[in-house]
Amino acid sequence: MKILVLIPAYNEESTIGEVIRDVRTLGFDILVVDDGSNDKTAELAKNNGAVVLSHQINRGQGAAISTGIAYAQNKNYEIMVFFDADGQMKAAEIKNLLQPILSAGYEAVLGSRFLGRAENIPLAKLLTLKLALLFTKFTTDLKLTDSHNGFQAWKLSTLAKINLTQDRQAYASELLEEIAANKIKYQEVPVTIAYTVYSRRKGQSVFNAFNILWDLIIKR
Amino acid sequence: MLIQIILIVAIILIILRLIYKLRGRDIGLGQFSIWLIIWLMAILVIWYPKITSYLATKVGIGRGVDLVIYISIIVVFYLMFRLLLRIEKIERHITGLVREMALKNNNQENEE
Numbered sequence: 001m002k003i004l005v006l007i008p009a010y011n012e013e014s015t016i017g018e019v020i021r022d023v024r025t026l027g028f029d030i031l032v033v034d035d036g037s038n039d040k041t042a043e044l045a046k047n048n049g050a051v052v053l054s055h056q057i058n059r060g061q062g063a064a065i066s067t068g069i070a071y072a073q074n075k076n077y078e079i080m081v082f083f084d085a086d087g088q089m090k091a092a093e094i095k096n097l098l099q100p101i102l103s104a105g106y107e108a109v110l111g112s113r114f115l116g117r118a119e120n121i122p123l124a125k126l127l128t129l130k131l132a133l134l135f136t137k138f139t140t141d142l143k144l145t146d147s148h149n150g151f152q153a154w155k156l157s158t159l160a161k162i163n164l165t166q167d168r169q170a171y172a173s174e175l176l177e178e179i180a181a182n183k184i185k186y187q188e189v190p191v192t193i194a195y196t197v198y199s200r201r202k203g204q205s206v207f208n209a210f211n212i213l214w215d216l217i218i219k220r
Numbered sequence: 001m002l003i004q005i006i007l008i009v010a011i012i013l014i015i016l017r018l019i020y021k022l023r024g025r026d027i028g029l030g031q032f033s034i035w036l037i038i039w040l041m042a043i044l045v046i047w048y049p050k051i052t053s054y055l056a057t058k059v060g061i062g063r064g065v066d067l068v069i070y071i072s073i074i075v076v077f078y079l080m081f082r083l084l085l086r087i088e089k090i091e092r093h094i095t096g097l098v099r100e101m102a103l104k105n106n107n108q109e110n111e112e
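First to last, the protein sequences are chains A and B. With the working numbering, the residue at position 151 of the first sequence is 151, and numbering never jumps. With the working numbering, the residue at position 11 of the second sequence is 11, and numbering never jumps.
Next up, chain A with everything else stripped away, as it sits in the complex:
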């Protein structure tokens, strides 16, 4: 099956090159959606052999992912892997995410850092994620071990059924709601998320959880 690794990136010039090189050693096609970066993210991504789509202005991770999905549909890809640009994820684990789709007929595979490993996870982050898990249980009744992990693999035919409306981080909750609503056949697999000083600085601040809740509850 035709596989595309999607890496949304916003000002990730210090990590994007290495992340792309890691993924490329596995032989996958790579699409970087540069979400209005004002550094060299797009240039570095291109030089390292990724296809680059550039948002002229920053629209958020959810918007970048939707752009990636639109591209993949146009180019007839069959599977899409969501991968982070900040170096938190291990490219070698992409194979583990693909396996349930390729050989067991699953439609979506969700990485779980709590089945796997969450290296150096800050306490506040851990607590926020556990709360998010409760929120997911409450709103979707999905029994997950990790709810807001960006490391996922999807069949594009399944993504085509989903209409993502959230531009920012709340898209992650929206994906889970769609899994529940459409009874999408999913599986969780263990992954490693390594929190580094850089990824902690770049990543979601714990306070952003409130923004996400606002997006989910008020704005729909």
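Simulated from the structure, these hints should not be mistaken for laboratory data. Heads up, a few of these hints could be off.
[Unchecked claim] Listed below are the simulated PhoX-like cross-link pairs for lysine-lysine, each with C-alpha atoms no more than 25 Å apart in a straight line:
hint, chain 1, residue 1, chain 2, residue 2
1, B, 104, A, 40
2, A, 40, A, 130
3, A, 185, A, 161
4, B, 104, A, 161
5, A, 183, A, 130
6, B, 89, A, 161
7, B, 104, A, 2
8, B, 104, A, 46
9, A, 143, A, 130
It should be emphasised that the depicted structure is a prediction, and the values quoted were computed from it without experimental measurement.
Following the hints, complete the assembly by docking chain B onto the known chain A.
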């Protein structure tokens, strides 16, 4: 009272601007009428404040000023809600445009 004259002059200026906007086709006749009615009512209330006291006792509120404040707050909240919805819609459209541009630029690069 002086305050009455100041407020009414201010409102007349706002109404003039409204007419100007209508003539420039910045707003439709429907929207113009709604705003005109609101501002004319405001002039009426400013010139005869007793009206509000009369209405207030009718609906069971002590003072006329209170009634005006209650109604104003409701109107402001409603307008805010509408603005919020409008902004959401604009944001969605912007994202759509940004996406279209990104996809189109990529296609053009491939053709060159």
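Which hint numbers does the structure go against, in order from smallest to largest? 2
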